[in-house]
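*Asks:* Here is what each chain is made of, one letter per residue.
There are 2 protein chains.
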Amino acid sequence: MPASASPFDFTALVRADLPPAAARWNGFPRFNFVGGHNDEGSVPVDDLIAAAGRVLRREGATLATYGMQSGPLGYRPLRDFIVRKLAKDAGITCTADEVLITSGSLQGLDLVNAALVAPGDTVIVEEMTYGGAISRLKRCGANIVGVPVDHDGLSAAKLSAALDDLAARGIRAKYIYTIPTVQNPTATVMSVARRREIIALSEQHGVPIFEDDCYADLVWTGERPTALYAMAADDRVVHIGSFSKSIAPALRIGFLVAKWPLMSRILPIKTDGGTPALDQMVLAEYCQDHFDEHIVPLRQTLRRKLVVMMESLRERFGDEVEFEDPAGGIFLWMKLPAAVDTSRLEQLAVRSGVTINPGAEWMTDAVGGRRHLRLCFAHPTEDVIREGVAQLAEICHREFGVPARDPGPHR
Amino acid sequence: MPASASPFDFTALVRADLPPAAARWNGFPRFNFVGGHNDEGSVPVDDLIAAAGRVLRREGATLATYGMQSGPLGYRPLRDFIVRKLAKDAGITCTADEVLITSGSLQGLDLVNAALVAPGDTVIVEEMTYGGAISRLKRCGANIVGVPVDHDGLSAAKLSAALDDLAARGIRAKYIYTIPTVQNPTATVMSVARRREIIALSEQHGVPIFEDDCYADLVWTGERPTALYAMAADDRVVHIGSFSKSIAPALRIGFLVAKWPLMSRILPIKTDGGTPALDQMVLAEYCQDHFDEHIVPLRQTLRRKLVVMMESLRERFGDEVEFEDPAGGIFLWMKLPAAVDTSRLEQLAVRSGVTINPGAEWMTDAVGGRRHLRLCFAHPTEDVIREGVAQLAEICHREFGVPARDPGPHR
Chain S
6 MPASASPFDF
16 TALVRADLPP
26 AAARWNGFPR
36 FNFVGGHNDE
46 GSVPVDDLIA
56 AAGRVLRREG
66 ATLATYGMQS
76 GPLGYRPLRD
86 FIVRKLAKDA
96 GITCTADEVL
106 ITSGSLQGLD
116 LVNAALVAPG
126 DTVIVEEMTY
136 GGAISRLKRC
146 GANIVGVPVD
156 HDGLSAAKLS
166 AALDDLAARG
176 IRAKYIYTIP
186 TVQNPTATVM
196 SVARRREIIA
206 LSEQHGVPIF
216 EDDCYADLVW
226 TGERPTALYA
236 MAADDRVVHI
246 GSFSKSIAPA
256 LRIGFLVAKW
266 PLMSRILPIK
276 TDGGTPALDQ
286 MVLAEYCQDH
296 FDEHIVPLRQ
306 TLRRKLVVMM
316 ESLRERFGDE
326 VEFEDPAGGI
336 FLWMKLPAAV
346 DTSRLEQLAV
356 RSGVTINPGA
366 EWMTDAVGGR
376 RHLRLCFAHP
386 TEDVIREGVA
396 QLAEICHREF
406 GVPARDPGPH
416 R
Chain Y
6 MPASASPFDF
16 TALVRADLPP
26 AAARWNGFPR
36 FNFVGGHNDE
46 GSVPVDDLIA
56 AAGRVLRREG
66 ATLATYGMQS
76 GPLGYRPLRD
86 FIVRKLAKDA
96 GITCTADEVL
106 ITSGSLQGLD
116 LVNAALVAPG
126 DTVIVEEMTY
136 GGAISRLKRC
146 GANIVGVPVD
156 HDGLSAAKLS
166 AALDDLAARG
176 IRAKYIYTIP
186 TVQNPTATVM
196 SVARRREIIA
206 LSEQHGVPIF
216 EDDCYADLVW
226 TGERPTALYA
236 MAADDRVVHI
246 GSFSKSIAPA
256 LRIGFLVAKW
266 PLMSRILPIK
276 TDGGTPALDQ
286 MVLAEYCQDH
296 FDEHIVPLRQ
306 TLRRKLVVMM
316 ESLRERFGDE
326 VEFEDPAGGI
336 FLWMKLPAAV
346 DTSRLEQLAV
356 RSGVTINPGA
366 EWMTDAVGGR
376 RHLRLCFAHP
386 TEDVIREGVA
396 QLAEICHREF
406 GVPARDPGPH
416 R
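Protein chains in written order, with the numbering used here: chain S, 6 to 416; chain Y, 6 to 416.
Mixed in with the good hints there might be a few duds.
If chains are identical, the list can't say which one is meant, so a pair holds when it fits in one copy or spans any two.
Mimicking SDA-like on lysine to any residue, the simulated pairs with C-alpha atoms at most 20 Å apart in a straight line are [unchecked claim]:
| hint | residue 1 | residue 2 |
| --- | --- | --- |
| 1 | LYS143 | ALA119 |
| 2 | LYS93 | GLY137 |
| 3 | LYS143 | VAL19 |
| 4 | LYS143 | PRO82 |
| 5 | LYS143 | LEU18 |
| 6 | LYS93 | VAL313 |
| 7 | LYS143 | ASP85 |
| 8 | LYS340 | THR231 |
| 9 | LYS93 | HIS295 |
| 10 | LYS143 | VAL50 |
| 11 | LYS143 | PRO273 |
| 12 | LYS143 | THR276 |
| 13 | LYS163 | LEU318 |
| 14 | LYS163 | PRO153 |
| 15 | LYS143 | ARG20 |
These are computed hints drawn from the structure, not numbers from a lab.
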């Protein structure tokens, strides 16, 4: 390009509804409490290398074809592993033809929305829920109805009221989206009784359930309840899961489970030429021998980091921070006094290299989320957790007078 | 699920504009001439295994983070390789911040469309072009204007007329989509003079160019012309490329090159959590040492298969089939006498295990494409090519009387 070139202006050509422009990326912050990054020391590097060698030696030539002789649902040995795993861990009976490998569970969200949600359609979600689910539904033009959650998960009484209200207005929601097992962000596990109630309400109103179980491998006790997918008497539940939290997020491997009548409508809108091969192949080869032996110490590591985070928060914020001890996962969800605006706190903290997820992005009622925030404890080391929480307390004290007592210098 | 379960009916809930339901996959057909599958013997299995071992040993722990310490544009060493490769092969000067790694060049198409094309917008494409580009634009609700191509590529005279016609109606097209180097499906290479004319027309009308160069590594001579991206005097060209045709399609690694003002608008709509890691990492590690030594014999292998296909077609169809000797790539595009309907031929052939891409799907004017068809010669062995072409000729003779003479039993 000649040095004199002036930029061509795309401003008038880009769609009017695009999100704001990205800033250039400048590396991870020092105190990285956002997103779903995981523990670096737990990546099973040696076994992944061995798995890569074995599977490529055996099947490497199939990389020459789209779908590697497995068809559009994804690498067959990985689907077979998922079928066995879901039977053992979640009580799900399904076949390999009912499992679609996706690029992370995010693609599962996109596909279900693309199949079901047109602009103006109504969708029911948990009032506190995954921010990426909310932002996606907004981009679809959906009418989002948030239903409160409590310690046992999605409130059945409130869901019943919401469904009645919609029915009175002649509206049939497209689905009820729930993260029942290690809810994001509350990290509770939906009780079995509550699961029964939710399914009964789904049946009563003819509204299917969209079950996002992507944290379910990380219940501290190692025992996850039977999935909604398995408890329903018919095809009404679409289930998604992921290996991002159990093995590694960068692999971008998730899966979607649905009976064939719905799967056959979802498959033609997955127009990506197949989920990338190496991640699927290496993961399948690794998991067949190593998943169970990997997940137990990972849970212990994460639990230890969580304890450090809870202790640090207690030490720095005293009783002014409220949280429930998570049943599993990688996040701690908390509430601060009314004086605090966590969206403002986020903006201030990032200048000191502390990143947090403000509650406003994780609640359907953004205003209701201004006292909440979510911290991921999986990625930072225990020392970084202590120092980052101290930093955050200092910034919060300075700006909002919370904690009321100066939390002191961080050590 | 209890055995008595009856299916929940999603029929009333799925979007009205979905494509038809998928059929269950039953394995590849014996004579597989569709899509972009490549030569199995050319997958560099040993070197990919070595690359996987090296890169995972060195950087495996970064799999614990979204983006592997490289940010949302993709794995940095792969972007660096692409910057060097484009400078050497395509005359493109760009930085790593102007390269976005995508899940195949298909995601590049999706992102450019999502950034620029709203329902009712107009887009200019080559009259014969990639079927996936046409189907995507239809799903976007775009008004598609097809402009004829000739041996030198997109016709400048016809493009000029189309742009004038749109201008007269007050319409500014969102982009001109072209596959200049080994066009899909015609397999010609746009001349340098033609490239200059296309850029001049783009400048005159203020319509940017979307350059799809995903076959450019497969020009038989090894010399690809300077890319349109490099020839333009400003930011007006968006460029996409791929490793699907040069290394392996199942890896699903493509890339998009754009200046930052446009890239910064595209990046926030890539909401997939990052392109999968292992494919990016192993590919980068492999390519740094081996790309050039790999691509030369691959071109020779593909050229040999093409010669077998052209000879088989001549032998079976005689002068009744018209085609031009491709300048590179993996496809042969041909035209049969007016008696033939290739969409019907496709339906008949598949019953005998012969799959083809009918011309109607590769032309903006589907009716104009009914005599055309596209065959991929990269995947089948030379024997399978011979036998498959013989089968196809026999079926075509039986149904349409083309070739007029019975092509005889296949050997």
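*Asks:* Now tell me if each hint is right for this structure.
*Replies:* Each hint, compared with the structure:
1. LYS143 to ALA119: both (13 Å within a copy, 15 Å between copies)
2. LYS93 to GLY137: neither (29 Å within a copy, 40 Å between copies)
3. LYS143 to VAL19: both (19 Å within a copy, 18 Å between copies)
4. LYS143 to PRO82: Neither: 36 Å inside a chain and 35 Å across chains, both beyond 20 Å.
5. LYS143 to LEU18: Result: close only across copies, 19 Å inter versus 22 Å intra.
6. LYS93 to VAL313: Neither way: LYS93 and VAL313 sit 32 Å apart in one copy and 52 Å across, limit 20 Å.
7. LYS143 to ASP85: neither (35 Å within a copy, 35 Å between copies)
8. LYS340 to THR231: For LYS340 and THR231, the Cα distance exceeds 20 Å both inside one copy (30 Å) and across copies (58 Å).
9. LYS93 to HIS295: within (15 Å within a copy, 44 Å between copies)
10. LYS143 to VAL50: neither (38 Å within a copy, 44 Å between copies)
11. LYS143 to PRO273: So LYS143 and PRO273 pass the 20 Å test across copies only (14 Å; inside, 23 Å).
12. LYS143 to THR276: Close across copies (13 Å), not inside one copy (22 Å); limit 20 Å.
13. LYS163 to LEU318: For LYS163 and LEU318, the Cα distance exceeds 20 Å both inside one copy (32 Å) and across copies (68 Å).
14. LYS163 to PRO153: within (7 Å within a copy, 60 Å between copies)
15. LYS143 to ARG20: both (16 Å within a copy, 17 Å between copies)
Violated hints, in rising order: 2, 4, 6, 7, 8, 10, 13; the structure is consistent with all others.
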